[in-house]
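> My request is simple: use the sequences and hints to build the entire structure.
Respectively, the protein sequence lines represent chains A and B.
Using this note's numbering, read the first sequence as starting at 1 and increasing by one per residue.
Using this note's numbering, read the second sequence as starting at 1 and increasing by one per residue.
Just so you know, the hints here were simulated from the structure itself, not pulled from any lab data.
Everything hinted at is true.
Just the calculated beta-carbon pair ranges, DEER-fashion:
hint	chain 1	residue 1	chain 2	residue 2	range
1	A	169	B	342	41 to 51 Å
2	B	526	A	169	17 to 27 Å
3	B	508	A	114	44 to 54 Å
No residue lacks a Cβ here, since even glycine has one placed at the ideal position from N, Cα and C.
Residues per chain are reported as follows:
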Amino acid sequence: MNPGFDIMIVGIGGQGTILASNVLGEACLIEGRSVRGAETHGMAQRGGSVESQIRIGGIHGPLIVPGTADLLIAFDLLEAVRYRHFLKPGRKMIVNSQLVLPTSAFTSEQAILTAADITDMLSGPETTIVDATAIATAAGSPLAANIALLGAASHAIPLDTESLLEGVRRCVPQKTIAINEQAFLDGRAVLQP
Amino acid sequence: MKRRYLLGNMAIAHACREAGVDFVCGYPGTPSSEIIDTLRQVQNPGFHLEWSINEKIAYENALGAAWCGCRALVTMKHVGVNVAADPLMTSSYTGVTGGFVLLAADDPFAHSSQNEQDSRIYASFAGIPCIDPSGIQEAHDAITDAFELSEEFGLPVMVRPTTRICHSKADVLLGELSETRRTGSFTKNPKQYVVIPAHTRILHRELIEKQPGIIKRLGECNFNTAEIRGEKAVIAGGISAAYARETVPEDISLATIAAYPIDEEWLSDFVSRHTEILVIEEMMPVIESAVREAASNQKIYGKKNGYLPYDGEFSPATVAKALAACGFIEENPYLAVQPAENLPIRPPIMCAGCMHRSTFFAMKKVFKDGIFPSDIGCYTLGLQLGAVDTTICMGAAITVASGINLSGESRDVVCTIGDSTFLHTGVPGLINAVYNGSDIVVIILDNRITAMTGHQPNPNTGQTACGTQSPPLSLEALCRSCGVSVVETVDPYDLTNLLETMKKVKAGRGVRVVIARQPCVIVSKREGVKRRRYMVEEETCTSCRLCVRYGCPAIEYHEEKASVNDLCMGCGVCADICPEGAIRQEVKR
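So, in structure tokens, the structure goes:
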């Protein structure tokens, strides 16, 4: 069994799940902790559902077994529902309030889900919904929503804030460092432990 | 020495530079592509680097370099090994003078592949060693080991990572970059390099005689490990070894296999010390077969008696389930959990503004009754639009189309193939179709790049792997020289012209080629092309949903009205589709 801390980051191809997982990986390096991660590449990048698995303190393989993740970070409401079963009972889930419906939702005969429907489906003591896009926009760019959400989730991550911030600096494009730092801190400020 | 958090393929790329590689080539294929993509970023690399047009060509290029004493690496995905299999099978006879590493990345679960074949079988078939790492550090370290083994035995060596190594990340300890560079120099030796029967019989004998030495050396290199801890044992290979280390209890022995061929004596010794053995490996039962051969009265659990599947990808949960099934542990430690049901699926989809969508739309509209063979690329996703009827392997669209047509099928046969795939193995099919009198339409979906695997350039792009400008190929001239008399080039964003062109070729006979050309929308966005977005006039929209059925992810449908979202790239095709004229360009604010 893995003695570490397992995090699932889920979203849609292009939303920055890989960048967010890189920040966690860099933070682990800074703290001298071993880390393993698995991510989605190739065909699934084309607007498909994507997942990044990060095992802080991981020493074996990169895969997290469903039902055992210590934290779920979701960049989209629908993807939070899709991957919720990965979470260990009683563990936290931090979810962006954004909802991008897949084309299949409009071409199938099923009723079209609304953000309110999904928020209801997710409601529970483990779920925290954050408007990361708004936080990032206020910090300077909606593209930093992934970092804002990571900031909101940082209370539940067993890594120092300073390590995570240094991870952000190392991973984002040079000219966007200030915006991303701000997005991380503003995201962190929205939630209190 | 430094520790970095790296993607498996990036760690492998770094290891190539640590090993002082002189020549690198390959054909992009998930999960192998990022190895060369990473090396492409190196300024003044000091080694030759190229994207070749298919795996056979890449393999032969690299072999030539290795025959000149260089260290050469060729990368491909598992199905690419099929394309390269011809030179592979004979290169083990000729051997190499420099180091030659074949990196074949396997894809259990076919995350983005047409099958789940196991490259270890190819290594065994060819009689070459295969290193089968269980994680990123091992994959990194395998590169230098593979070059050394290759030079020691004068043989190609396969390194076979799987998707969960190529596309996973870990903290990796990297070594120093090598300063050693070799300049190729060919020494004539027809008895080694010319495989006429008189030579090849001797070379085959020599290959067989090399095998015991390889087994001995792999043993000395400690690729395979064994730890005796009880009467029961688990033997695991590849990434399954990592899952086994995580899951197998401490009172059960564990052996891990990271290289082939396996030393039968070593294996027999391990097997003989146990009463029951569970063998865990993804895909083919390569280790299991060897274990069963080594066993006398031990009880063996594995694929052959249904304890593990032949298909799909394993995980720690698979290992735990098998441990419980054969009574090694009392119960599966993992909870059985159910995913949420009835959610709208979010499969990969062609991008908003992708040129292929309108081409498929026009093709289906004009050839209503047509049969649509296709090929491997982003456009295989046209399946979701009902525009892809067959896909078998790279380059097979034209040949399959030709076969269907010449079988006597009377409906129109219209096949689609991407520019990169056309150059990979499509061209010989086109020549064959023309020469043998096929009556088909070939649509070349020309987005000027190998898009699906991450935008690698090909001879159609006008740029080499290293970014050097090179005159782009003329697909029109190429098709004409293959004997095609009707070659039409069309802009797929111009729906009217696209439909006209389709109608025109429909009326013709023989092999007719339509080149639908527009740069990949991701590439043009990166290059700063900006097009004004489109919008729906709510009052004009009659809720006919024609635009929704077009399948563009930028079109949504809420409360009986269509709308255009932020993904819109401004291709404007939906405006041409709307019968009411309700979709138009946004006015600049």
